[in-house]
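K.L.:
So the chains spell out like this:
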Amino acid sequence: MSVVANSNENKKILSSGRIHPKMFALMMGMASIVMMFSGLTSAFLVRKAAGNWQNFKMPEVFVTSTIVIVASSIILHASYIFLKKEKFAIHKILLAIATALGCAFLYLQWSGWTQLDQIGIHLNGNPSGSFLIVIAGTHALHILGGLIFLVTYLFYSMAKHNVISNPVQQLYESSRPHRFIGMQLLLVYWHFVDVLWLYLYFFFQAQYV
Amino acid sequence: MAHIDIDIHEGHAHDHDHHGHRHDDHHDHEHHEPGFVMKYLFSMDHKMIAKQFLITGILWAVIGVLFSVLFRIQLAWPNETFPILETLLGGWAEGGKLDPEFYYALVTMHGTIMVFFVLTAGLSGTFSNLLIPLQVGARDMASPFMNMLSYWFFFLAGVVMFVSLFVQTGPASGGWTAYPPLSALETASSGSGIGMTLWLTSMALFIVSSLLGGLNYVATILNMRTKGMTMFRMPLTIWAFFFTAILGVLSFPVLLSACLLLIFDRHFGTAFYLSDIFINGEVLRNSAGQIIEGGSPILFQHLFWFLGHPEVYIVILPAMGMVSEILACNSKKPVFGYKAMVYSIMAITVLGFLVWAHHMFMSGMNPFVGSIFVLFTLMIAVPSAVKVFNWITTIWKGNINYTPATLFAVGFVSLFISGGLTGIYLGNSALDIPLHDSYFVIAHFHIVMGLAAGFGLFAGVYHWFPKLFGGRMMNTTLGEIHFWITFVGSYCIFWPMHYLGMTGVPRRYYSFNEFETFSVYAELNIFMTVAAIVVFFAQFLFVINFFMSAVSTRRTKSKNPYNASTLEWTTPIEAGHGNWPGAIPEVHRWPYDYGKDGYETIPQTIPDSRLNEIEKKGGRTSR
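Taken in sequence, the protein lines are chains A and B. Just so you know, we're using my numbering here: the first sequence kicks off at 1 and counts up by one. Just so you know, we're using my numbering here: the second sequence kicks off at 1001 and counts up by one.
Next up, chain B with everything else stripped away, as it sits in the complex (with noise of 0.2 Å):
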């Protein structure tokens, strides 16, 4: 692979850093070495933080996912046992059947671990924090301090959750959405008692730790762009991160809101969302022996959903920019369309505060406020097209090299297209009358975001894990299986909920055996439980791939293995705290200068002047 290592110290240059050389022994000198406590724990290194969110996400994906799988050996099997299951869990599943309690609360933490501790976290926690200061050309973010205090609070959000998972009444099993009244009175289900409060433990300091980083992360790119990095050079990958942030930074305040007044109701005899609750004929009184009444259930749900859609995208936005950049480098050819992919992003996001109620539409609500909904949906449709065919547009007749992480990235390409056309069905009021809480919902919402989100995050770790671990690449073969039983097994996995779905198959059911309609699927659920099995098993490739590269002593020499143009790819190969062992290089054009004028890539720190220090080799000439 052609690649081009540029010193980046102009002028002033350090004279101990030439071309090919290991930079990292130099570098040590300019700061003592931190222990291990400081150096691995409470790191303040952007990058170290980014590796904490990583792990720990992964961890929690082998947690969400497992109980995945075994809510899916209960729908495929409903009349079977599985006596290994009473060895796993005990008292959960006596005779080897999952208790149905136990169902709902694997359903619910599937859920929240997925949403919160892996996409949200792992995702925009992993990759804001290693590629912003970067790819920015910063020291490192705004505030080191906050940034390591971000991820002590998801750390301790995932304690409590964990926790959670091992007292005697259960997790929270409300669903992952908590509605009242479920989720506000301690008696309306086991997992309602200790396991809601801890769920709300762990949510609110969740929520402390995504503002923290959010704050950090907007601070950073608007104050800390090294010289010449004008908003319109910044790579795809900062401009979703951007709104990324600032999404959360305006959202998650108002699920704290919702938390906060839902721990009132049930700690404290308040009634905000309580109101006639009847308990065996008796209707339900507070300590001082009024009636709880006058509460709105339906409230909860719209300052949940004005976080909980906003959320999808703070999913979804970071996938989003990092596809772009991983397409165009290793297609070598400029992103399509660079100012269309950032004013897409930014409709994505103003449009994104201003859809909450399209999950509402069966809640009661008045028509035509519904119609208000369903057009600010559909429009959310036309951003995203533009992003779709401006990827197609980035590799048409590029040099692609297909990389594992090109692989997750057109993957997830094809993800988003599958997943966001069954949207455009369920964001309409009247279509969502026979098709709501059905596994139609389930199909969309796993492919478009869970599915495509999970892809840009296989395809982010492939692609910038030798800036993650110094300068190691992952095995290849191992990427490139991986990717195929996860694409092709993901397809078999949620395709056929659609049919399902079509004919009202209804989500969050623990069995179908009475419901002789439904028995027709009966093998349809069990191909794709076994579908779940496979793809579940499959993820352990990356897993050990993952940990066996990270520790391995075969390194790249390169600094830039992809001869990509962006600042990350500018740094030593193993940086210390501060990156940029001189000065922090200057920028001098856009991030997407592949195959101009018969260079295959122009870095951003290449001002036109000194153009022939680079190779003219491999790039396509300008016709």
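Bound-form chain A, shown alone (with noise of 0.2 Å):
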């Protein structure tokens, strides 16, 4: 709604140094998926300890698309970077390969289920395969709200940012407060969603042995 939108209260409130509220609702957001994998890997570990549990070996891809996923969080972050810098082209051509590693992470891990299909864990088997199918899908599902969001962002930023020749509208733009917040909500989600793979998959690592 235009009012809520465009009213100085509102601009008082970007501007004052604090937190964006869209950011602030973000990271109580990611609180949630922590409390959520926290929940799924707590039950992993009273399972665990309940014994009957079966042991196995990850397959190597997962080694390659952890390896992927880092990569595509330090090109968007590079991304952000050239961003501030109003180095407009190289931002979208990292935007674009950082969201490439993305949708080939999500392969990779397709991959890494068929592979212990093969070994012979399934989802339906004893519960420590069912765990990490169930766990990293969930994550998964995260990865792909993730990659949605690049997506259009990218489509967004493909028909703007492009040099503004009007001065005193690039004087505007350049003091806008927040001007990168969109950016810098994905951002933040990108790394997010990276780091808790990292955790689930030391975590793996660690309890399949």
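To be clear, the hints were calculated from the coordinates, so they are not data collected in a lab. Beta carbons: idealized from backbone N, C-alpha and C, even for Gly. All the pointers check out, no bait thrown in.
One side only, chain B facing chain A, incomplete, derived with CB under 7 Å:
(1) ALA1219
(2) SER1257
(3) PHE1264
Got two chains here, each in a separate frame; can you build the complex from them with the hints?
P.N.:
This is the structure in structure tokens:
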């Protein structure tokens, strides 16, 4: 609604150095995702302690996928740095690469599950394998959510951020508080799901021995 | 009643905004009026979303309470038949007697509907939405769009749950806690089939709604406060909504994990919660032919109660906040021990996360682990007692205006004390051995959580009705009759249950015909059922009052009918989207300057330098 978006008070709030309300909402959202995965990994530990637990070696492809998602995160960060420097062309290229790597991660996770299937670890087998598939699958859904936003943002940035010739508009644009909030939200979330996977990866590596 | 209209537009005041005038006429110029669909259905105005939550909640409350009346009838007259039940329920009450399967479905649905749809969405959804932006001085929520989504996810959850009432095998019937294996095996009971699937779908949607709402509430409170509204100048309502939202955001995801694993057990052959299940002497195998083993049903209980216990605080904290506000406003005295109240809410929130296993003392838990949970559980009595004493001292020697809202608020305190005391019994793992799963538990949680939160909801609706419906007030006489029948009736329903429970009458039983010991309670059961029926019909006084008043043409002329100090009473009587037509008011003091220096009320918007603008009457002079 226009009343809300254009009100002066909102601008005052936004320029006051307080954290952007959307960033804050995202942080709360991440806290709730953390709770969800702590619930799942606690369930994993409780179940493992109860015995009748089949250990197995995680397929090598998960190492590759881990490297890919970390790389994606780093490249997205670089993309953000170039955005701040107003080097929009490089920003867009890096953004596209980070998105592609995100897709590659999902593909690698998928092939990881296929390989698990080949070595006899099925969803409906021993809970040790079910846990891996369900938890990594839930994580993949969170990556997918991030990818949807990345792709949307990519299309949006293709259309925008062209060089502004009008100096007044340029000045206005450069002094706008939180002008990169969209990218910042994206970046924080992407780093978050990256770190979340690192946690899960090392958790699984430590548990399946 | 003395009232003060404060012009909030300092300096650059709108010259067409004067005392006593209707303020709603010029506001529409600022943005074009949205059409019916955008205004009433897909509204992003927090006030409209609050009304949507409230009205949906009321509809669910009628269904939920009706279900309890149906199963109370079975408990009171287990040998009688009621042909009307067959007319109403068809195959579920053949020959006018409830089918046992349907009895369990009713119990399950009553719990689910009341806890989640009425007391979580109807209470916190309504008042967090209505009051957070109004009381912290914001145009709307941090994200009005997410707020709208929050309502529509709740609505969808409701639709799915409603549909489940009409499927042929019946709705979920394994209890509102949905413990496996009853909930995990589709063949376990008739309600474990499609009914349970719909239940899980509905809960997943409800969790999404709750998370979207909660994120917004916290972000709004922390980021969108007006100038001068420091954290310790926030009304206690806002503190309560704040911690409620935090509880929800951190505990609902764990329920989602629990439901996720349950869905996999139900539909994808995993064995997270299942082990060594035998059906008709045959061991249960999955689709791959392997024996399902190695799961742990206790694991579900841990995950469930990690939400389930914070959930009761999600239900009660908003009611506590509103009661504090209503008692202070209507007795024209500051809340006694404001900071103690804030820290109590905080303590309840933190401890609320550490007590979940007191629901599981009898699950074979190590007694030493149990003792830790006993300790934390009993510690909750401390902040709870602080709050109770502070409510009593707040109204002590106050100039009390007994509106229906005040009555319900006082009723809340009474119920919270009665129900809270039995909590001290149940929190002890040793006493829990005879009392668990008995009517004592039913009496405890209905009084302390169900009724008390319900009374908070009623108090809030009566008090803030003029804010919800453009200056209209609910009928006071009907409100008083509603209060007295509900208050006395509720005690009549639940007080006797303590005696049943102490002698070991178990909960969730369809009939006690087989138990000679319990036949002494036949008349008491009839008494409780009659009380339940009376209370049920008394609620229609409220429903009628609510809808008649909402369309009434009589409106208060005052922006601030209770002479309250908080910000929501500085908006125009019919505030548009954005709440204040001019600038957002600034805040100069805490919200409870009642009876200070001879002023009955000093609104939060008045700095000391402008005290001469308000009337000095009715207030107690400081002694």
